[in-house]
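**Q** Dock chain one against chain two, each of which comes alone in its own frame, and use the hints as you go.
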Amino acid sequence: NAGVTQTPKFRVLKTGQSMTLLCAQDMNHEYMYWYRQDPGMGLRLIHYSVGEGTTAKGEVPDGYNVSRLKKQNFLLGLESAAPSQTSVYFCASRRTAQETQYFGPGTRLLVL
Amino acid sequence: AQSVTQLGSHVSVSEGALVLLRCNYSSSVPPYLFWYVQYPNQGLQLLLKYTSAATLVKGINGFEAEFKKSETSFHLTKPSAHMSDAAEYFCAVKYRDDKIIFGKGTRLHILP
Numbered sequence: 001n002a003g004v005t006q007t008p009k010f011r012v013l014k015t016g017q018s019m020t021l022l023c024a025q026d027m028n029h030e031y032m033y034w035y036r037q038d039p040g041m042g043l044r045l046i047h048y049s050v051g052e053g054t055t056a057k058g059e060v061p062d063g064y065n066v067s068r069l070k071k072q073n074f075l076l077g078l079e080s081a082a083p084s085q086t087s088v089y090f091c092a093s094r095r096t097a098q099e100t101q102y103f104g105p106g107t108r109l110l111v112l
Numbered sequence: 001a002q003s004v005t006q007l008g009s010h011v012s013v014s015e016g017a018l019v020l021l022r023c024n025y026s027s028s029v030p031p032y033l034f035w036y037v038q039y040p041n042q043g044l045q046l047l048l049k050y051t052s053a054a055t056l057v058k059g060i061n062g063f064e065a066e067f068k069k070s071e072t073s074f075h076l077t078k079p080s081a082h083m084s085d086a087a088e089y090f091c092a093v094k095y096r097d098d099k100i101i102f103g104k105g106t107r108l109h110i111l112p
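So the protein lines, in turn, are chains W and F.
Position one of the first sequence corresponds to residue 1 (the numbering used here), numbered consecutively onward.
Position one of the second sequence corresponds to residue 1 (the numbering used here), numbered consecutively onward.
Quick caveat, the hints were computed from the structure, so don't treat them as lab data.
Note that the coordinates shown come from a computational prediction; the quantities given were computed from them, not determined experimentally.
Even for Gly, the Cβ is constructed at its ideal location relative to N, Cα and C.
Relax, there's no trap hidden among the hints.
Example chain F residues on the side facing chain W (calculated, C-beta under 8 Å, incomplete): (1) G43; (2) K94; (3) F102; (4) K104.
The following block holds chain F by itself, in its conformation from the complex (with noise of 0.2 Å):
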């Protein structure tokens, strides 16, 4: 069955700290994968995307993440925490019927 999973529902990091939100998916073929963020009563913003380029792809707000085939993940990173980036996180994969699932989020919470 085609699934996403995040590792975590809820992160708490420092202030400066590094940022890292685990997703893995289910898959025989590399899908797209992709990184949305949730600000409070919004909707998703795009941070990055994999779409069979680089394995290591560059997002907005100073994220990226690398894809690893041999352990079907895809994890965010981003070095050094700051407290804009307290958000809810989603994992999203497609595959090729179409169809785009989520995981089902992990929030980020900064400490001062």
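Just chain W, same shape as in the assembly (with noise of 0.2 Å):
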């Protein structure tokens, strides 16, 4: 049992260059939710889902687009990466009847 497990742990981007991170967990979870921590700003959810084929934006939604065509994963795009999206991601799910969030552990990513 892996829990939430997050791919890649580091990337490097350049300005306008696309990428997709992926979030998987095998627990079954329902809601899944991707949010980005900065210094100063606690954590700040972007997108989140509450179950297969379903998405809502969070706080911070513009400059970011998700999937969710299967229940165990969660994917983050970023269609044209701007400096101001370097960020520590992390990905979390929780079951419908719960309301314990499991986190990854993160991906930081540097957009230069």
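**A** Written out as structure tokens, the structure is:
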């Protein structure tokens, strides 16, 4: 049981490049979330999903897209990376009946 | 607007002293409330959660928090600080639309 895993762990992009961050969970959780963490800003919700095939916007969705084609995977895409998207990205998941989120180890992204 | 406010981005206490980390939320309906801890270069771990049962919630590592509806607060306390408690602490709130919003975090420093 790996819990919540994130791929990659670290990435450097140039401005304008695109990339996809993968979050996978093996706990059969319905809900999945993407956050970004920046110094002094805490965790800010980017997008979330309440089930396979559904997504919703969070606090800071601009510049990001997401997809939940399979229940166990939640993808976060950056179509045209900007330096302002330099951050640490965390994925989390939880069951419907339980409120506790389980977090992945994070992906550190640097956009030059 | 939905928000979570943590008073004090940095808090320093002496080893053995009382720890008090403050959290206030905006909501007209009692939400679900959480405290998470993050150690350096790691993801977030759940300390405790309030889900409309007892207003005084006990968590791991000797931490507890009290839900006060009249004050819209959920402050985290620990009677006696230990060096291993040095970390960043996040308060979070789950609202009815399934968003889970985090505060900006409080970094706890333990003085020898």
